[in-house]
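Participant: Below are the chains, spelled out letter by letter.
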Amino acid sequence: MLTIDQATYDGIVAHAKRDHPDEACGIVAGPEGSDRPTRLVEMVNAAGSPTFYEFDSTELLALYKQMWDLDEEPVVVYHSHTATEAYPSVTDIGLASEPGAHYVLVSTREHGNNDGPVEFRSYRIVDGEVTEEEVAVVAALPTT
Amino acid sequence: MAIEVRIPTILRTYTGGEKAVDAAGGTLSAVIDDLEGNHPGIKERLVDNGDLRRFINIYVNDEDVRFIGGLEAELKDGDQVVVLPAVAGG
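Quick mapping for you: the protein sequence lines, in order, are chains A and B.
Residue numbers for the first sequence follow this note's numbering, beginning at 1 and rising by one.
Residue numbers for the second sequence follow this note's numbering, beginning at 145 and rising by one.
No lab work stands behind these hints, which were simulated from the structure alone.
Quantities reported herein were computed from a predicted structural model and do not represent experimental measurements.
Incorrect hints may have been included.
To be verified - Here are the simulated DSBU-like cross-link-like pairs (lysine-lysine), alpha carbons at most 35 Å apart as the crow flies: (1) B:K220 / A:K65; (2) A:K17 / B:K187; (3) B:K187 / B:K163; (4) B:K220 / B:K187; (5) A:K17 / B:K220.
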């Protein structure tokens, strides 16, 4: 199960709506081993495309170095689909490289840049196998 | 002195869980061959048909190797190599 706080959830949805019709992408970092997504990092989609996303390679390195310095890991890796359902594509599955992360898919196909509900779903993707999981949106993450 | 190679989570199955391993070589290609000697199987995850895989990024001292000669990028003792899979999809 993915447990995520409302502000972070809203941030991901807002990013997806803003970048529609291109795919939006980013991560939510959290302390290593904690499974707590605490720090939303919006990334630029270097592909600038409605059907593909890719972090810029220089920004990718900067992001990971920052996480290493803070003893963090990518707890959530998110991106949007802008014309299809919020389910990992064949490409998503083939390129998924963080077996410990929650892969969040947001679909903006219904309302685009406008207000209105979006599909927000989460998956584990390990060795090409996709497992959907429940998403619990909480006011604030429980303190551990 | 050696060259430290930072290994991403998904490739740590080849390094017994180690986050970073030492390697030697004067070019990235030689370093990868040296890695392969100690961690069999890892080369195929980095290189395909003699080229760096499209969705693998390798950095030498924070420079993407695609801008400094790719597999022929020159390395020396003390350099730091980072391997990061692309975060990408469709």
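Participant: It remains to establish, for every hint, whether it holds in the given structure.
Facilitator: A quick look at each hint next to the structure:
{"no.": "1", "hint": "B:K220 / A:K65", "in the structure": "holds, 22 Å"}
{"no.": "2", "hint": "A:K17 / B:K187", "in the structure": "violated, 40 Å"}
{"no.": "3", "hint": "B:K187 / B:K163", "in the structure": "holds, 16 Å"}
{"no.": "4", "hint": "B:K220 / B:K187", "in the structure": "holds, 20 Å"}
{"no.": "5", "hint": "A:K17 / B:K220", "in the structure": "violated, 46 Å"}
Hint compliance for this structure: hints 2, 5 are not met, and every other hint is.
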